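Number of protein chains: 2
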Amino acid sequence: FSLNLAADCNAVLKALQPIFQEQGMTETVHNWEDHGYLATYIQKNGSFANLRIHPHGLVLVDLQSYNDHVKGREEVDQLLNKVEERMKELFHGNIKRVKRLPAILRGGVIDRYWPTADGRLVEYDIDEVVYDEDSPFQNIKILHSKQFGNILILSGDVNLAESDLAYTKAIMGSGKEDYTGKEVLILGGGDGGILYEIVKLKPKMVTMVASNIDQMVIDGCKKYMRKTCGDVLDNLKGECYQVLIEDCIPVLKRYAKEGRMFDYVINDLTAVPISTSPEEDSTWEFLRLILDLSMKVLKQDGKYFTQ
Amino acid sequence: FSLNLAADCNAVLKALQPIFQEQGMTETVHNWEDHGYLATYIQKNGSFANLRIHPHGLVLVDLQSYNDHVKGREEVDQLLNKVEERMKELFHGNIKRVKRLPAILRGGVIDRYWPTADGRLVEYDIDEVVYDEDSPFQNIKILHSKQFGNILILSGDVNLAESDLAYTKAIMGSGKEDYTGKEVLILGGGDGGILYEIVKLKPKMVTMVASNIDQMVIDGCKKYMRKTCGDVLDNLKGECYQVLIEDCIPVLKRYAKEGRMFDYVINDLTAVPISTSPEEDSTWEFLRLILDLSMKVLKQDGKYFTQ
Chain A
1 FSLNLAADCN AVLKALQPIF QEQGMTETVH NWEDHGYLAT YIQKNGSFAN
51 LRIHPHGLVL VDLQSYNDHV KGREEVDQLL NKVEERMKEL FHGNIKRVKR
101 LPAILRGGVI DRYWPTADGR LVEYDIDEVV YDEDSPFQNI KILHSKQFGN
151 ILILSGDVNL AESDLAYTKA IMGSGKEDYT GKEVLILGGG DGGILYEIVK
201 LKPKMVTMVA SNIDQMVIDG CKKYMRKTCG DVLDNLKGEC YQVLIEDCIP
251 VLKRYAKEGR MFDYVINDLT AVPISTSPEE DSTWEFLRLI LDLSMKVLKQ
301 DGKYFTQ
Chain B
1 FSLNLAADCN AVLKALQPIF QEQGMTETVH NWEDHGYLAT YIQKNGSFAN
51 LRIHPHGLVL VDLQSYNDHV KGREEVDQLL NKVEERMKEL FHGNIKRVKR
101 LPAILRGGVI DRYWPTADGR LVEYDIDEVV YDEDSPFQNI KILHSKQFGN
151 ILILSGDVNL AESDLAYTKA IMGSGKEDYT GKEVLILGGG DGGILYEIVK
201 LKPKMVTMVA SNIDQMVIDG CKKYMRKTCG DVLDNLKGEC YQVLIEDCIP
251 VLKRYAKEGR MFDYVINDLT AVPISTSPEE DSTWEFLRLI LDLSMKVLKQ
301 DGKYFTQ
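Chain order of the listed sequences is A and B. Here the first sequence is numbered in UniProt numbering, starting from 1 and rising by one per residue. Here the second sequence is numbered in UniProt numbering, starting from 1 and rising by one per residue.
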């Protein structure tokens with residue numbers, strides 16, 4: 001509850017405490033000199049509630065229960081309805097905002113919370129852990145979501161879902177490029193999405209360079225991300241493609257030296273690279289090196305795509 | 001922390017309590033007979049921590065601070081690092097999962113949490129409240145997100161963002177329909193997205209029927225969702241379109257009686273209708289009525305699109 005005015009902490013406590021006590025909860029109150037009240041209500045079954053009253057007009061209620069201990073969401077809703085009612089009686093039109101957030105589920109078999117790269121909390125409708133392995137380099141998870149299909153998550157970072165064809169199409173140039181008869185180099189792309197989509201377009205040759213860091217990613221994706229990669233990862237060599245399991249830096253250097261040139265270089269390396277070789281002493285150095293080497297193997301009218 | 005084994009609650013408490021006490025926090029412990037421990041640690045500055053130890057092997061740590069009271073995220077991270085270290089010392093390889101969730105921000109000017117229709121918690125990168133008005137029927141918010149542009153939120157339900165052209169394209173038939181010279185009826189669609197996109201395709205006439213419930217939605221969108229609706233809502237009548245601010249049921253009945261027929265009916269009414277007329281006594285009855293009436297005004301080779 002955000003209020004339009006300062007809160008009489010004691011009045012709020014007196015108004016709300018009967019609601020918790022009616023549930024058979026026992027109260028412990030801490031009273032700061034300048035920072036309001038914290039009341040903790042403890043239920044016999046192991047549940048508890050925190051009521052935090054800030055004097056400038058913020059009242060926070062947190063309920064924590066273990067699965068077996070709650071009769072269900074209805075009971076929680078009823079309790080919160082009573083709290084809301086009582087608060088509205090107490091403050092009339094002076095409540096600026098009432099907000100209830102969905103319960104956060106912790107300790108279950110399935111973890112549904114996968115924060116974004118910019119640190120925002122996102123709960124996915126995950127209903128199955130399809131694949132969960134640790135490679136020497138990272139944790140590789142493939143989780144099933146009703147909304148997005150199977151989702152590839154590398155060390156907690158959501159990479160790609162089976163529904164993310166739009167990502168693959170975008171990094172290929174949003175349908176505006178003609179790949180027929182072209183030489184294409186893919187850096188990274190262990191999920192096989194780009195390779196699969198370009199092979200359909202009759203290129204001359206696609207070379208995908210996925211570092212050995214990605215071997216287990218490829219293994220997981222070829223089994224469980226088939227809407228993304230089709231059968232293209234089943235063999236590392238096809239009529240018009242090859243997959244090299246090697247660090248891309250030495251490969252790029254070799255190609256540059258040999259004068260091997262490409263019509264397209266598509267850099268699908270992860271945004272935060274996992275570095276193994278000593279020459280990459282920072283993320284930016286690594287990104288610059290990849291970019292420089294890519295330019296060296298790109299034909300004069302070639303194109304470079306990246307995130 | 002999810003453990004692979006039952007937890008000696010007292011040992012966990014003894015291991016972790018010095019970490020909180022070193023911060024100058026005072027401890028209160030509740031010990032259930034069968035449900036483990038709850039330790040509450042209170043800081044002089046108004047912050048507090050809950051440590052909940054479940055005997056079957058789940059250890060939960062919650063920190064709650066008011067903005068002014070924390071020196072920053074680093075301090076919190078340091079505390080959590082210490083807790084994690086101590087837990088790993090105590091349980092060696094027997095920790096199944098360690099998970100830290102981003103802080104949940106409550107009571108700020110901008111509310112970043114807009115749960116999905118299926119009740120999942122999603123935090124958006126909202127940085128501005130662009131529009132926030134109560135109509136007699138609902139609350140209408142337009143919030144700006146760096147990722148999605150302006151987002152239309154009706155009574156807490158995320159409707160459409162400026163980036164959601166894909167939704168509009170999909171409900172129009174994913175680019176496979178030829179609207180040139182066609183008669184089109186849009187039901188709902190107060191954000192103007194469908195109208196704007198179809199008008200570009202040189203139809204004979206588009207009629208959009210948005211109930212008066214949506215008047216304030218239209219007002220908000222024409223000002224703040226212009227990437228979605230362009231200038232199409234600036235006037236309720238254009239060369240090849242008209243917008244009727246009326247309940248769609250009587251309009252559909254009138255058209256059916258007059259024998260007015262359409263090549264396309266696009267039903268973009270909200271998934272959970274706000275009913276005002278007495279004849280709609282349930283959501284399903286309402287949806288059925290709309291569908292029946294739509295069929296009556298559809299040419300034999302006409303098409304009906306909906307969510």
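Possibly wrong hints are sitting among the right ones.
No distinction is drawn between identical chains; accordingly, a pair holds when it is met within one copy or between any pair of copies.
Said to hold, decoys possible - Calculated lysine to aspartate or glutamate pairs in the DMTMM-like style (CA-CA distance at most 25 Å, straight line):
1. K146 - D164
2. K146 - D157
3. K99 - D62
4. K99 - E84
5. K99 - D125
6. K237 - E197
Simulated from the structure, these hints should not be mistaken for lab results. This one's a predicted model, so the numbers in the text were calculated from it and none came from an experiment.
What hints, given by number in increasing order, does this structure fail? The structure breaks none of the hints.
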